[in-house]
Amino acid sequence: MTTQAPRFWRSIPQRYNLKGTHCTSCNEYFFPPRNLCPNCRRGAHLEEYAFKGTGTIITYTTIYNATEDFERLTPYNLAIIQLDEGPRVTGQIVSSLGEIKIGMRVRPVFRILGKEGDRGIIYYGTKFAPILEPSCAKE
Amino acid sequence: MRSISIIGVGCTKFGERWDVSLRDMIAEAGVMAIGDAEITGEQIDALFVGNMSGGRFIEQEHIGALIADCAGLSRLHVPSTRVEAACASGGLALRQAVLAVASGYNDIVIAAGVEKMTDVSSGTAADALAAAADREWECFFGATFPALYAMMAKLHMRRYGTTHDQMAQVAVKNHHHACFNPIAQYHMEVSIEDVNRSPLVADPLHVLDCSPISDGAAAVVLAPTEMAKRFADTPIKIIGSGQASDTLALHDRRDLTTLDATVHAGRAAFAQAGIEPRQVDVAEVHDCFTIAEILAIEDLGFVEKGQGGKATEEGLTALGGSLPVNTSGGLKACGHPVGATGIKQAYEIALQLRGEAGRRQVDEAEVGLAHNVGGSGGTALVHIFTR
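Those sequence lines, one after another, are chains B and W. Numbering follows the working numbering, with no gaps: position 84 of the first sequence is 84. Heads up, the working numbering is the position in the second sequence plus 1000, with the first residue counted as 1.
These are calculated hints, taken from the structure and not from any lab test. The structure displayed is predicted, hence computed values, not measured ones. Heads up, none of these hints are tricks.
Keeping only pairs whose Cα atoms sit at most 30 Å apart, straight-line, the calculated BS3-like set for lysine-lysine is: (1) Lys-19(B) <-> Lys-101(B); (2) Lys-101(B) <-> Lys-1305(W); (3) Lys-101(B) <-> Lys-1310(W); (4) Lys-115(B) <-> Lys-19(B); (5) Lys-19(B) <-> Lys-52(B); (6) Lys-1229(W) <-> Lys-1013(W).
Calculated from the model, a selection of chain W residues having no Cβ within reach of chain B, i.e. all distances over 10 Å: (7) Trp-1018; (8) Asp-1069; (9) His-1077; (10) Gln-1096; (11) Tyr-1105; (12) Val-1190; (13) Ile-1192; (14) Lys-1229; (15) Asp-1233; (16) Ala-1318; (17) Ser-1322.
Each residue gets a CB set at the ideal place from its N, CA and C atoms; glycine is no exception.
Can you build the whole structure from these sequences, using the hints too?
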């Protein structure tokens, strides 16, 4: 595969720190950041917003058969998480396989996501881990 | 707007076709369709071809000019356009041809689809297919195509009580149908136990819940209905065409157990056709995974939301049921050469409405529907056909 360095580098604020946007016209939050608000379009007022990263698992799967870049991780959990501010994201869940549940509360963790061979760049980014307080583990 | 009819159809055998190239397959399907319509090259006004990823699969782009060349039309300089909407590329090619004829801009137009997927390793093919999802915000985190549909399945099971056995029944049914289809990739019955015992790909989906990697090509010839009788004994009218889009990433959708693109494309097609879902006699829907067929029959309005699994279990969608779905074997068992699939669906419906579907013929089929999805639902196309 050819290097993905430029496309990775330009989205570092999003991948490391969950930087998105907030439209102050309609009060909707967007992650990844949107250049156009789909509600207000040209009437939008978008400002940068750093998401807290806490959220709830909406649905999930355990992947046994992955693309070549992720084969070494199998089996691994992937979920769609609703962030507390509203937007949903796709991310890996760092937990044992039987532990994951729909409705589980999660928090962000900084992890290696991939690398370009032994000599290429390393991709860091956000995965999610269960929040273990029993009071938060609804459903 | 003019009424449009299919006056000729052709389709290659689907499967792992190591003996033939993309060029061979598109020429075979094209010659069959042109021969079926009994037209000459000079009568063809335009070509549209659906192809998802010639660049990734055979390192060949510029498929529009290539297929005109392979079809022997280079010296006639026929305009030829390649269109792409991931796995819905074929359906999109059909719609472009419909628009060209309906508008009066062209008379005789060929809509084709082709994909050659087995010239690369299955890993490379899977990576090329993953490009239909959101590279930056899904695939970057390790999402695969089966994983996206698995997440829809998981939520559908939780909300509506759908079971994996009900999903497996889609594979059982479509493999059974494919046994009666000479062009199908698999002529092999499977049982619910076979599906359950096959290795997990992305929980709850097993290998036998997934459509295969395939090679194949298909073509149909369209003409204005007023001219159609000159070419065909039984022209098949296209009475509705709908197309819709949605967010590229699954996680951004309004509802993760509904493909809103299917809902909107379906509504547009039914409104244009002036018919209700219950009037459809036979349908080809996009079963790239077993759960996808369950979602499709719900989102097209054939059954209520949440009832797709139960309807499948009860045999509603099997040959002999009240609405046979995927009589070709579907993507699951007929095969899924991505760019060709949308055209193969139109081919199957045309055969059914002509009464030429052999042992998988639906009795007195008069209205047919084809439903083609791109990616996890970023694009959907629905076409409605009648005799």
